[in-house]
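A.B. asks: In case you want the letters, here they are:
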Amino acid sequence: MTEAAKPPATAPRPAGRAGRNTELPEHLKVYKGIWVFVEHDRGHVNPVSWELMGEARKLADRLQVSVAGVLLGGPDEPLDAFAREACAYGADLCYVMRDPVLKGYRNEPFTRGLTDLVNAHQPEIMLLGATTMGRDLAGSVATTLGTGLTADCTELNIDGRALAATRPTFGGSLLCTIMTLAFRPQMATVRPRVMAMPRRDDSRTGPVVEMRLAMVETDIVTKLLEFIPDASRDTVNLAYADVIVAGGKGLKNADNFRLVWDLARVLGAEVGATRAVVQAGWAEAERQVGQTGKTVRPKLYIAAGVSGAIQHRVGMDASDVIVAINTDASAPIFDFAHYGIVGNAMQVLPALTQAFRAHFERRVRKTA
Amino acid sequence: MHIVVCIKQVPDSAQIRVHPVTNTIMRQGVPAIVNPYDLFALEEALRLKDRFGGRVTALCMGPPQAEEALRKCVSFGATDAILVTDRAFAGADTLATSYALAAAIRKVAQEQAVDLVFTGKQTIDGDTAQVGPGIAKRLGWQLLTYVSRIADLDPDAQRLRVERRAEGGVQLLETRLPALVTMLEGTNEMRFAGMDDMLRAGRFQVRKWNREDAGIEDPGKIGLKGSPTVVSKVFGPTPRTERADVEALADSRVQDVCLNLLQKIFTTHPLLEEELVDRLSA
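Top line first, the protein sequences correspond to chains A and B. Going by the numbering used here, the first sequence opens with residue 1, and the numbers climb by one from there. Going by the numbering used here, the second sequence opens with residue 1, and the numbers climb by one from there.
Hints are computed from structural coordinates only; laboratory data are not their basis. Where hints are given, some of them may not hold.
[To be verified] Just so you have them, the derived chain A footprint on chain B, three or more residues with Cβ under 8 Å: (1) 141 to 149; (2) 172 to 186; (3) 198 to 209; (4) 219 to 233; (5) 249 to 261.
[To be verified] The following residues of chain A were derived to be distant from chain B, with all beta-carbon distances above 10 Å: (6) 29; (7) 32; (8) 76; (9) 84; (10) 92; (11) 152; (12) 204; (13) 215; (14) 218; (15) 226; (16) 291.
[To be verified] Looking from chain A toward chain B, a few residues come up when the C-beta cut is under 8 Å (computed): (17) 21; (18) 148; (19) 176; (20) 183; (21) 330; (22) 335.
Every value quoted in this text rests on a predicted model; they were computed, and no experiment measured them. Glycine is no exception: its CB is placed at the ideal position from the N, C-alpha and C atoms.
I would like the entire structure built from these sequences, with the hints used as guidance.
C.D. replies: Shown next, in the form of structure tokens:
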């Protein structure tokens, strides 16, 4: 992604301006296939890897190439089981590197391992989750290989034979499509929940290709002394919540933000917030939905006093049902919400809470 | 100790507007600030300087007006400030940016060896979080991203211990200097710059380096030429074809509007109603 100021075009424009890298050299044309880095830690694969597998499958079918899952880990970790799972979610084969130094993520051995795998097997596209592990690794591998990397993509497509990766830019007010035309592999990271979870098909199987890591513990400077698991893992699980009630700056103050909590309690929902709300200190940072917060795709998303700026929208517009409450009838949120109430959230939220409570009391009693 | 803190001047994104017709960014009047994430990096570096002595050099690549952002760093306590600025850097993506900054760090290190580089975890305009890792790889230094706490630093033994945020927990890592650390937000609170500090910063001579000063010999590695990624198009978000089913509070009682809404949602999405009832009964 462009870091320095680059003037945005007034309209979509084709790639290939003077000074740009647009021609793929002959020796890079042999790079084929799509890879997904399968991220796992302490016995669990991060679901974002399977979400990416589903996306990789679609891209590969358009390019008529294969999808490979890439697994690095310790010899006592269930990498073979993860590889079978990768195939069930869409991979045709898996590359596996197992070594004691690969137990527990560390930048140095993982960068070396993944870089060596890429150089040996030459994929044209490589996708990683935009997690603390994926971002740490992707930036390192792309720099080592000298290739292009597009971070936090919200859409992946094929244009010609190249990956067209779309992401929000300029603080999220616009979207831009970025391509790596003259280098391989084309790398991209995608945040959890941006892509849908594919269907699992356990009848799908594929071979495992092993490769050895050319590194031993004494080569590695950084030591992992300890892993301290979060005490309360389930306090805020926004990304995978089914129902979210979110509040924005339209609620005016922290006191009014409690109305969001009231409705959330009645719905058994998680509470989300915009960046402005988090910056104002009305909600914790873990509750931020949007480009610099969490991406969510709940079945029901109720947004109160949220204007719907693109940086918030990209974090939630894959929700099944979006309900917006805003005083401004021309607020952008009404462009992508499914249902809306034009009115003061401080007035609507208590009434909505009451309506849901009454409705569920009737229903829950009936089913009991 | 010599610590370099890489910062970026960014537009205050909360105030960016998009022109409704041309879809271009309206930058006029949008104040430029030091990337907020970088302030956590600067404060952490200043704390280490307070404890162990030495220097903190603030380093920034950007247009000439980014000098202001560096002055801000000086007001907080940075010992030195260098702006790497040259038209040749324009259009740089993260790979080209990390090349230029790594070159500048090598150059600064010729004046006094650098032990640590700090950066924010990401910028608020690019949001990529890639430049930090890129610089570390180009320097061949140890990389520690998303650091939530400097647990221990022993400058004599060149040993650093940090807590790094990972998915579902925190890694306690030990490494050797030199290293690059990207600081997580909320890890410290920026100190206050008083009137004297601001006056001193106002008088401070920010050093300006062009491409040659930064020790970059190959112009093919920087700017557009050094950037493997190409922006193929920029566009505004598209509205859904169907607009929201909207009711206005002005037209009827708030209770009626809410009951209406519930009925509409649950009639169109009966499964959602069943699931909510199941969850609440459980």
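A.B. asks: If a hint holds in the structure, say so; if it does not, say that too.
C.D. replies: We went through each hint and held it up to the structure:
no.	hint	result
1	141 to 149	holds (count 5)
2	172 to 186	holds (count 7)
3	198 to 209	violated (count 0)
4	219 to 233	holds (count 10)
5	249 to 261	holds (count 8)
6	29	16 Å, holds
7	32	19 Å, holds
8	76	19 Å, holds
9	84	22 Å, holds
10	92	27 Å, holds
11	152	6 Å, violated
12	204	27 Å, holds
13	215	15 Å, holds
14	218	13 Å, holds
15	226	4 Å, violated
16	291	6 Å, violated
17	21	6 Å, holds
18	148	3 Å, holds
19	176	5 Å, holds
20	183	4 Å, holds
21	330	11 Å, violated
22	335	4 Å, holds
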